[in-house]
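Taken in order, these protein sequences are the chains called L and Z.
Residues 1 to 409 in full-length UniProt numbering are what the first sequence lists, from first letter to last.
Residues 1 to 266 in full-length UniProt numbering are what the second sequence lists, from first letter to last.
Worth flagging that the hints you see were computed from the coordinates, not collected in a lab.
Check the hints yourself; a few may be wrong.
Taking CB as the label site, the calculated pair distances span [to be verified]: (1) L/Leu11 - Z/Gly110: 51 to 61 angstroms; (2) Z/Ala198 - L/Ala64: 50 to 60 angstroms; (3) Z/Tyr111 - L/Thr235: 49 to 59 angstroms; (4) L/Lys375 - Z/His159: 48 to 58 angstroms; (5) Z/Ala198 - L/Ala158: 48 to 58 angstroms; (6) Z/Arg146 - L/Arg290: 22 to 32 angstroms.
Pulled from the structure, derived: some chain Z residues nowhere near chain L, Cβ distances all over 12 angstroms [as the list claims (entries may be wrong)]: (7) Ala10; (8) Glu42; (9) Ala43; (10) Pro57; (11) Asp60; (12) Lys91; (13) Gly93; (14) Ala145; (15) Pro156; (16) Ala185; (17) Glu192; (18) Ala241; (19) Lys263; (20) Met265.
Fair warning: this is a prediction, and the values are worked out from it, not measured in the lab.
Glycine included, each C-beta is placed from N, C-alpha and C at the ideal position.
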Amino acid sequence: MTAIPEAKKPLDWNAYPDAHGHFGPYGGQFVSETLMEPLEELREAYDRYLGDPEFLAELDADLADYVGRPSPLYHAERLSRELGGAQVYLKREDLNHTGAHKVNNTIGQALLAKRMGKTRIIAETGAGQHGVATATVAARLGLECVVYMGAEDIQRQAPNVYRMRLLGADVVPVKSGSRTLKDALNEAMRDWVTNVDNTFYIIGTVAGPHPYPAMVRDFQSVIGREARAQCLERTGRLPDALVACVGGGSNAIGLFHPFLADESVALYGVEAAGEGIETGRHAAPLCAGRPGVLHGNRTYLMEDADGQIIETHSVSAGLDYPGVGPEHAWLKDSGRAHYVSVTDEEAMAAFHHLTRTEGIIPALESSHAVAHVMKLAPQMARDAIIIINLSGRGDKDINTVAQREGIEL
Amino acid sequence: MSRLAPRFEALRAAGRKALIPYVTAGDPNPDNTVPLMHAMVEAGVDIIELGVPFSDPMADGPVIQQACERALRHHVSLRQVIGMVKTFREKDGDTPVVLMGYLNPVEIMGYEAFADAASSAGVDGLLTVDLPPEEGHDLVQALRARDIDPIYLLAPTSHEARIRRICAAASGFVYYVSLKGVTGAATLDVDEVGRKVAAIRSHTDLPVGVGFGIGDAESAARVSAVADAVIVGSALVRRIAEHENDPEAGRRAVSELLAGMRKAMG
Numbered sequence: 001m002t003a004i005p006e007a008k009k010p011l012d013w014n015a016y017p018d019a020h021g022h023f024g025p026y027g028g029q030f031v032s033e034t035l036m037e038p039l040e041e042l043r044e045a046y047d048r049y050l051g052d053p054e055f056l057a058e059l060d061a062d063l064a065d066y067v068g069r070p071s072p073l074y075h076a077e078r079l080s081r082e083l084g085g086a087q088v089y090l091k092r093e094d095l096n097h098t099g100a101h102k103v104n105n106t107i108g109q110a111l112l113a114k115r116m117g118k119t120r121i122i123a124e125t126g127a128g129q130h131g132v133a134t135a136t137v138a139a140r141l142g143l144e145c146v147v148y149m150g151a152e153d154i155q156r157q158a159p160n161v162y163r164m165r166l167l168g169a170d171v172v173p174v175k176s177g178s179r180t181l182k183d184a185l186n187e188a189m190r191d192w193v194t195n196v197d198n199t200f201y202i203i204g205t206v207a208g209p210h211p212y213p214a215m216v217r218d219f220q221s222v223i224g225r226e227a228r229a230q231c232l233e234r235t236g237r238l239p240d241a242l243v244a245c246v247g248g249g250s251n252a253i254g255l256f257h258p259f260l261a262d263e264s265v266a267l268y269g270v271e272a273a274g275e276g277i278e279t280g281r282h283a284a285p286l287c288a289g290r291p292g293v294l295h296g297n298r299t300y301l302m303e304d305a306d307g308q309i310i311e312t313h314s315v316s317a318g319l320d321y322p323g324v325g326p327e328h329a330w331l332k333d334s335g336r337a338h339y340v341s342v343t344d345e346e347a348m349a350a351f352h353h354l355t356r357t358e359g360i361i362p363a364l365e366s367s368h369a370v371a372h373v374m375k376l377a378p379q380m381a382r383d384a385i386i387i388i389n390l391s392g393r394g395d396k397d398i399n400t401v402a403q404r405e406g407i408e409l
Numbered sequence: 001m002s003r004l005a006p007r008f009e010a011l012r013a014a015g016r017k018a019l020i021p022y023v024t025a026g027d028p029n030p031d032n033t034v035p036l037m038h039a040m041v042e043a044g045v046d047i048i049e050l051g052v053p054f055s056d057p058m059a060d061g062p063v064i065q066q067a068c069e070r071a072l073r074h075h076v077s078l079r080q081v082i083g084m085v086k087t088f089r090e091k092d093g094d095t096p097v098v099l100m101g102y103l104n105p106v107e108i109m110g111y112e113a114f115a116d117a118a119s120s121a122g123v124d125g126l127l128t129v130d131l132p133p134e135e136g137h138d139l140v141q142a143l144r145a146r147d148i149d150p151i152y153l154l155a156p157t158s159h160e161a162r163i164r165r166i167c168a169a170a171s172g173f174v175y176y177v178s179l180k181g182v183t184g185a186a187t188l189d190v191d192e193v194g195r196k197v198a199a200i201r202s203h204t205d206l207p208v209g210v211g212f213g214i215g216d217a218e219s220a221a222r223v224s225a226v227a228d229a230v231i232v233g234s235a236l237v238r239r240i241a242e243h244e245n246d247p248e249a250g251r252r253a254v255s256e257l258l259a260g261m262r263k264a265m266g
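Chain L with its partners taken away, still in its complex shape (with noise of 0.2 angstroms):
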């Protein structure tokens, strides 16, 4: 493994992956032979359209059009009162069409996969916030779709399982393993490296193989960009601190990667301590993991002594991920950003303090990002400036916090 840079020296952050996908020590491509080929074909193509002005502008006109970009950033005057503290201003990605970040990154591989004249898609899931929209592009685009979703969590998150079917998805469930997301990331990789010829893999996280951590943060950068943007034309300067919660991490990269030079701006991960760091049953990896091998990429994971993959706990099914994307993991390393974690309790907490001040209901992935941001903001300037990642609306979550409260819908 590379050292650590000197914290002194400032970074490049654009030089990152290298060229074989690496961030430092962390990323790569850690898959069998059969899929090297295929990832090679997805680099070039990737890399090739990202420089094409045609891709970029159809790019551009879909995430204005029909996903409702750009995103507003909302100033929430009533909580940064009740807090005492800095402005909250929220990135408002609840509002994109199918309601969370995840469109972003569906609409552009979908593009992508289009123009290298693939037929199939194929997707895994947890929460199903990624599914619905992968389903959704695909409908639009007329490709056959398939969504691998863990059997638990097909139980979790009936709503969006009958969504997808509706939007004419197959939606497979897995009953390998813990049935969970990581199971269903199994199982797509299994389908892909079966159908590799027509089908493409669209991967919802930062995390996988090369190219797939660069190319998912690439898409979902245009939040940090929108967010980066807006911040300087209302308040004439750059916000002090960026909060956003972390399961693979795609929403979080989104937000901070066009942040990363700007060194006066403080970045916050946070992820989900479950029903607490000390009790071993969470999803915080950065937190309280190690570095290990997963799913194609090396990067810190919740696993036992012997290098077993060990299963997650949280109450929002989108950050129940035992792994997290590479480049997260090189930004603890270095210091730039930093990781903190948010109980499933506070999280509740959280969701119902923003949804009775501000009317908004956020989903339980975000509301770790808002519970963060209950501690962080009391103990800074009134003038200063917190912008909060709000992932995903929360419409998916009430059964889960209904049957949390003992209420029947």
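Assemble chain Z onto chain L, guided by the hints.
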């Protein structure tokens, strides 16, 4: 030098092809593995591939996934698997043993610590499914320093330049994955496999083994006509699973299938 090159040399001299079984260590329980290894040698196999159980076997089909799950119910670790090889070596100093699995358990144990332990237990090769040569430099150095062969996969999607690069990095033998898919998938097209093996041979003198999709004596015989080694996994593991509660009957069923393959391969 590991036991692999001499074993292939002897087979070549005798005009025979290698039969290589894959079983997951610790399936259905840790006590079954060493007796199973001896039973397979008795049935006529030439090299043993011993699977290291992993929680997320991405390249494997349901049969081997479930074998991993059965083994992990007993918390079978990489160190224990190495221990099984050591025990096997007490009675069998000749049959080459290749460990096959995923990188993370090796990564967590540490490359040097793994190579030391594997070498002193009598392991001859390591096949890490999710470690292409591009990422494998440090591990391969640790293995070579102790005469353990790094075994690499080649796939139907591997183009010529990759085949050359991989053959240059490999020793012992190379393992041609006969189809696009996971272990235990559909049957294979032997003519197509023959063409690909011939293409691989134009780049290397290493023996070429073929695996994935070989489940009975007939397919074993047909593949042995075009390759240096026939690798069979899921068909054996399925028999172990069928006799989960009677491992001895499982060993008999595995031996029977292998003996039939050996006979058909000549």
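Output the numbers, in ascending order, of every earlier hint that fails for this structure.
-> Violated hints: 1, 10, 11, 15 and 16; rest satisfied.
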